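Now for the letters of each chain:
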Amino acid sequence: GAGVSQSPSNKVTEKGKDVELRCDPISGHTALYWYRQRLGQGLEFLIYFQGNSAPDKSGLPSDRFSAERTGESVSTLTIQRTQQEDSAVYLCASSLRENTEAFFGQGTRLTVV
Amino acid sequence: GQSLEQPSEVTAVEGAIVQINCTYQTSGFYGLSWYQQHDGGAPTFLSYNGLDGLEETGRFSSFLSRSDSYGYLLLQELQMKDSASYFCAVRDVSNYQLIWGAGTKLIIKP
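Protein sequence lines, in the order shown, are assigned to chains A and B.
Going by our numbering, the letters in the first sequence line up with residues 1 to 113, in that order.
Going by our numbering, the letters in the second sequence line up with residues 1 to 110, in that order.
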């Protein structure tokens, strides 16, 4: 596609439920990033993929969070047993490895009630 | 490790010039980038400095000094639509990961 696509754009879930957030990067972009952004705050790094490998998982806040990427394309961020503190916008970005410009999707706004 | 520091908030007047600074501590990086994010929107790329010096793109300019571990974004002829958060970022040479500053909220007054 022309840009980074994330789905769903909005998600309301009950506390304790699992959610899956999807990111379709720009075709050919080998690097993919997930960030969390709370209202009025900066970008909180979650995980980075180079191809299908995740060299840096240090940002995942707990073992309830996991992510995978397949075919050097689509990535899924899964949050298990959601908590109210997980409510935030989850942003995905992709870039060419050697090119510094990152392209962001519009994000998934997650609300845990 | 890598870290970038920016002021949390800057206030300026419409039509004026404002400079947003970014200082960093990094063992090696591929240049400094700037991104703009409007409330409710996604960050969008503004500029990149791979080499020391000034890069100009319309009303926006960006500067990098590797010897001083310092860069800045300069916005001229401020317009109300420039009200947004601005993030600096570097790409780590060891793993190509993007490292981000915490962002500067630019408030523009009429």
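Be careful, since some hints might not be right.
Each pair of labels, with its calculated beta carbon distance range [unchecked claim]:
1) A:ARG22 to B:GLN79: 33 to 41 Å
2) A:THR13 to B:GLY40: 14 to 22 Å
3) A:ARG22 to B:ASP39: 22 to 30 Å
4) B:SER8 to A:GLU85: 40 to 48 Å
I should point out that these hints are in silico values taken from the structure, not numbers from a laboratory.
Here the structure is a predicted model, which is why all the values come from computation and not from measurement.
For glycine and all other residues, C-beta sits at the position ideal for the given N, C-alpha and C.
Legend entry - Index of numbered hints that the structure contradicts, given in increasing order: Of the numbered hints, just 4 does not hold.
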